[in-house]
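Novice: Could you put together the complete structure from these sequences and hints?
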Amino acid sequence: MPSSAAELGARGPGLDRVLFPKWRSVIARFARERSGAGARVLLLLLIGGGFWLGAFGIFYRVLKYLGTTPDIGALLAGRILSMILLAFGSILLLSNLVTALSTFFLAKDLDMLVSAPVDWARLYLAKLIETMIHSSWMVVLMLVPILTAYAVVYRGGPLFPLAALGALIPFFALPTVIGSAITLILVNIFPARRARDLLSLVAIGAVGGVALFLRFLRPEQLSRPEGFRNLVDFVAELRTPTHPLMPSDWAANAIMNWLQHVADPLPLMLLWSTAAAFIVMGASLHSRLYPGGFSKAQEGADKYVGGPRWQAWMAGLLRRLPVTRREFILKDLRVFFRDTTQWSQLILLAVLLIVYVFNIRALPLYTGERLPYMLITLVVFLNQGLAGFVLAAIAARFIFPSVSLEGRQLWLLKSSPLDLRAMLWSKYWVGTGPLLVVALTITVITNDILRASPFMMFLSVVTIACYTMAAGALALSLGVLYPQFDTENAAQIPTSFGGLVFMMSAILLLAGIIVIEARPVAAHLQAYQMGQETTPFSADLWWAVARVFGLCALATLYPLQRSLRRLQALEV
Amino acid sequence: MIQLTNLTKRYGKFTAVNEISLEIPAGTLYGLLGPNGAGKTTTMRMIAGILRPTSGTVTVAGYDVVRQPMEAKQRLGFIPDRPFVYDKLTGAEFLRFVAGLYGQSGSEVDRRSDELLELFELTPWKHELTESYSHGMRQKLIISSALVHRPEVIVVDEPMVGLDPKSARLLKDILRHFVGRGGTVLMSTHTLEIAEVMCDQIGIVFAGQIAAAGTMDKIREQTASGDASLEELFLKLTGGLTERELSAVLGS
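Residue numbers (our numbering), protein chains in the order written: chain A, 1 to 572; chain B, 573 to 824.
If you are wondering where the hints come from, they were derived from the structure by calculation, not from laboratory data.
Certain hints may be false.
If you only want the chain B side, here are some residues facing chain A, beta carbon under 7 angstroms, derived [said to hold, decoys possible]:
{"#": "1", "residue": "Arg582"}
{"#": "2", "residue": "Ala620"}
{"#": "3", "residue": "Ile622"}
{"#": "4", "residue": "Leu623"}
{"#": "5", "residue": "Gly628"}
{"#": "6", "residue": "Met642"}
{"#": "7", "residue": "Lys645"}
{"#": "8", "residue": "Gln646"}
{"#": "9", "residue": "Phe650"}
{"#": "10", "residue": "Pro652"}
{"#": "11", "residue": "Phe656"}
{"#": "12", "residue": "Tyr658"}
{"#": "13", "residue": "Ala664"}
{"#": "14", "residue": "Phe669"}
{"#": "15", "residue": "Leu673"}
{"#": "16", "residue": "Ser677"}
Beta carbons are placed, not taken as given, at the ideal position from N, Cα and C, and that holds for glycine.
Specialist: Dropping the structure here:
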């Protein structure tokens, strides 16, 4: 026996050694991103900075406003912070459920770690820390501008970040321990991959439910002149979810105590002692259930194959297509609908569309007063922009990742006589076809709600159809130009740099279209107001439509050609 | 059937394949040997059209892989060393999809798929998702997919990895039978015994170049190695560790 192995001791390598590959990977990734990617970093900084500034500005104003009412201002500020932390805590619980499944049961390093002489408690702590970082980093980034606003308004001082961290670390640890424990129990009941499907579905359903719930609270009422009164009512009504035993309340109280210079260590003591107790209980559960659960996770793969009827129906529908294109479309549809992590995103899409239509319905346009034609036309015109943004978000989620998802199978596509044009064609229509249906449906429905004139209905439908075709092409092409072949989770691909570039390109295209159409619409309104117009379908309008068509055709064909060349030159 | 002319592949300053020239006639089973990182997989991926050569040409059945990729690939079946397939397709669907990539469909494809699945003993799992397959089952599925369109040339990278002895024997028989009927096989392997028994010709790649090529007798002649075994020839050409060096590494 080599002496070095013997010297390792009975408990095996330390926590730092177990986590070594992870933090080295993070450093290597940062180093790689830094080299030769100045523009990328600058863009991310600009967008991130813009978001931070925006969030900071909103919270600064709200807190300043609340500060003008000395009696209840600080109470409301604390209540708002508690509500934010409650919302983040709920999201973290769901996110930890899904993340723990990967880190504890499906990660690639587990075979090595489990077979190595690593003490179970260290493995548990290492994986718990990894789960916490993976699931909480985005929430931390979102909290930074919010807590900065609190610190500025209440003069938190230079040590405030440490005080906030002192409250937030145990607060974040709690959902991580609970989420990991639930996952551990689920994996012992279901096979891991089935549990992942179940968890993704539950998590996405819950996120969708929360979004709908928040929307139906009609927060826009807060912006009315009597808003402050409504805010008090609003907060009072939402008092029910808070409770003396809620960790979000403890964290909010700990932070507010620091900000108001109140020397009350109880909330912090509650947070740290509860987190420590939960970690001990989690570790105990881990020591009992993990070996069995890990073993089960290695066995469980999905064998279920569903939907033979729709497949036969679809194959019949596509029978006139060339065989390569038909088989490609069928393959893409099968893979999409059999992967819960992908199709479950349709729930979010439905929520997004319901919220969008609800927003249009909630516009205070038809409140009994006689509305000028001009205002309605203007709202319908600007609605195109909103619909365009929603469609871009859908394209980013469903079309942008489609080529990246071929990742590991590209050897097959590149070594076969597949005409890559056929592949692009199939992926374009599989994504853009349904998107076009969604686009036209929401345009017609929202225009109907807004009681748009036939002129605006025509313009919207033509515009949104052209834009959707171009947005689909842009999403697919930028997905080829900025591929994420190593990412196995489709939901992570749109949040990459390429996804950001796509969103910005789509918004630029949308802005271009609105600028082109603004002139004939303005001219139409002016003529209408002066009573000079005979028909809104003027030469100006047709010229604008032709230019929009030309712009969208360019934004469709040029990126597709570029991406085809890129695919042909791609080496895997 | 396969012709490589001054084939070179560079990644930045690193040259993975350096001016390799090789001709493999029809009806030949050609073994490509070499240590890890010698350039075997890169060469095979260039033949399959997955990587583009930095310079030089590859022709398959008389068609240039870069200039006439469709014609060349139509005649080629490629079996990679790592069996990545679509997890959410069943074995039968995967074979039908691959046949579709070669423009083939219909009952003939279904019949051929069934034959191949039966041959590799995958029939009981043909309607199950490939994510439930073992490594060996995936490897067998990929071998089936390389045969489903009836290629003239097979390029196979490490074919025996993950196969059980019965399937390995079956694959050997299939490849020999394929060559016997006029097909061409280019196979890379680290199992020298297999190469020695199966291959008509052998090429030993070292540091991106062909160190020796031809029949066993020809290589022995080239290297003045008397009646040395393939293992001895391989170590002589590629430099193996001496017993003293091995002892130093193992610390005994």
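Novice: Check each numbered hint from earlier against the structure, then list the numbers of those it violates in ascending order.
Specialist: 1, 5, 13
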